[in-house]
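With the hints as a guide, bring the two chains together.
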Amino acid sequence: MAVKSTDKVHVVRDRIPTKNLGSAVANSGRDAVTVAEILGTVIETGLQSPELGLLGPGSFTSIDYEEQYGSYTVINGRVTFDYKVVVSDYIIGKQPGEQLVPYVTLPFAVSPGGFDNIVQPLVHKIGQWQGNAKLEFSGGPGVVPAGACWTYQDQNNPKSSQQLKDTQLITPTPGSNVETLIFTGTVSYLKAQ
Amino acid sequence: MGKKIEVKVLENLYNTLEVLEIVDGKNYRYVLTPDSEKELEPEVAAVAKEVWTKEIKEAYEEYKEVQLQKFLTKEETNE
Chain A
1 MAVKSTDKVH
11 VVRDRIPTKN
21 LGSAVANSGR
31 DAVTVAEILG
41 TVIETGLQSP
51 ELGLLGPGSF
61 TSIDYEEQYG
71 SYTVINGRVT
81 FDYKVVVSDY
91 IIGKQPGEQL
101 VPYVTLPFAV
111 SPGGFDNIVQ
121 PLVHKIGQWQ
131 GNAKLEFSGG
141 PGVVPAGACW
151 TYQDQNNPKS
161 SQQLKDTQLI
171 TPTPGSNVET
181 LIFTGTVSYL
191 KAQ
Chain B
1 MGKKIEVKVL
11 ENLYNTLEVL
21 EIVDGKNYRY
31 VLTPDSEKEL
41 EPEVAAVAKE
51 VWTKEIKEAY
61 EEYKEVQLQK
71 FLTKEETNE
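Same order as they appear, the protein sequences are chains A and B. For the first sequence, the positions run 1 to 193 when this note's numbering is used. For the second sequence, the positions run 1 to 79 when this note's numbering is used.
So here's chain B without its partners, still in its complex pose (with noise of 0.2 angstroms):
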């Protein structure tokens, strides 16, 4: 049995990709960042050179790094 391949492009959270395969009946699925550095299936590869922009990539980069900010100002917070 073949594998059928979903993409999902959430257009308000940088362009995240939900990727749903499904294989043999069972779904597997899996969510792609601006960042992902892993090798794209061909359809996923397909949109995400569409939607992922430099600008995206950019925006993304800042955002986590005001997440590392702020997870590390809760360590501090709590130790």
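Here chain A stands alone, though its shape is the one from the complex (with noise of 0.2 angstroms):
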């Protein structure tokens, strides 16, 4: 039978159960802990709605999302992120010559220099021509305080990565030549203090 790292010991002298179970608890009195108190790891489980964001001189002036998931596990202090994200439809605003770098969010500040990795970041659908406004979306592995880019990949131009491109304005409409923009991926990191 597996045991679960929450499931609780109780220690038990002569079929009495006794409160000193060490100096962990010793002064809790509690007649019982955890197996996670005994090994001394501290696990939190949790989800969180991950976003978008740009860095760089522009933003979504609008994003339209048809799915937003993310699910975290945090293991003394290292965070296991799986998210996934749909954009129906996006505006973004910048200028001439600029360029952007997307992030999905994170539940967790990432500790400076904490960066691990990212594992199986896949972007499904990019966006394509829009007059002379084109969306691609940039790789990392990078990440700031609130999230982490990722390795743009499809199957014509695998491990490729590049930045919007000149446009003030990209305004994908339905209907256009446009795809939905779907994210998924899993990201491992240790989180700030």
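For the record, the hints were derived by calculation from the structure and aren't laboratory data. Quick caveat: nothing in here was measured; it's all calculated off a predicted structure. There may be inaccurate statements among the hints.
[As the list claims (entries may be wrong)] Pulled from the structure, derived: some chain B residues nowhere near chain A, Cβ distances all over 12 angstroms:
no.	residue
1	2
2	35
3	42
4	43
5	45
6	46
7	49
8	54
9	58
[As the list claims (entries may be wrong)] Okay, the calculated bits of chain A under chain B, using three or more residues with CB under 8 angstroms as the criterion:
no.	segment
10	41–49
11	102–111
Cβ coordinates follow ideal geometry from the N, Cα and C atoms, glycine included.
If you want it as structure tokens, here you go:
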């Protein structure tokens, strides 16, 4: 039978539960500790609705999310975050010549230098030409306190990465040649203290 | 069941805010930086107003610019 970290362990001496379970809980008055306490691990789980952000001189003027899902697990300060973001429509405002780096927001701030790994970052569909505007997503791995950039990949051009190109305003509309954007991935990093 | 909100200030990271919302026994956590434009919960806005000073906001904008240049330089190197 598998033992969960949250399972409680009772200590019995001469068939009498004892409250003396070691220094960690000696003064707690409890008669049981969790497996996690014995192992010294701290585990936290939860949900976060990830968003897309843009690093640089520009921003989403508007963005419509079709789906935002994020689930995280923290073990001893190391965060593993699974996310899925589906964007159905967006407007980006920026000046000609400026470049932007998109990122997905994270549930915890990243410790400076604590970036560890991005596993399976995928952009399933990307925006295509819209007039003279082109939206493509840039690669990392990289991170800012609130988010992680990722590597853009597609079948035709694997592991390439480009930035937003020259345009003042990108306004994809339903029915145009712009696809729905779908981002999924797993990020692992050390959280800031 | 009501919503419980906890706010943690990361003072060494441009006063980044970690917000934990506990709703129906589930934890929902997110991070806010001094350039956050989203509408904040009243409890969070009160903390943000105190810790996101003009100096902090300016410093964070400079930090973002440096990070952006790092990314772009990395891209050029990769290409």
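Hint check results:
no., hint, in the structure
1, 2, "17 angstroms, holds"
2, 35, "9 angstroms, violated"
3, 42, "19 angstroms, holds"
4, 43, "18 angstroms, holds"
5, 45, "17 angstroms, holds"
6, 46, "20 angstroms, holds"
7, 49, "19 angstroms, holds"
8, 54, "19 angstroms, holds"
9, 58, "15 angstroms, holds"
10, 41–49, "holds (count 6)"
11, 102–111, "holds (count 5)"
Violated hint: 2 only; the structure is consistent with all others.
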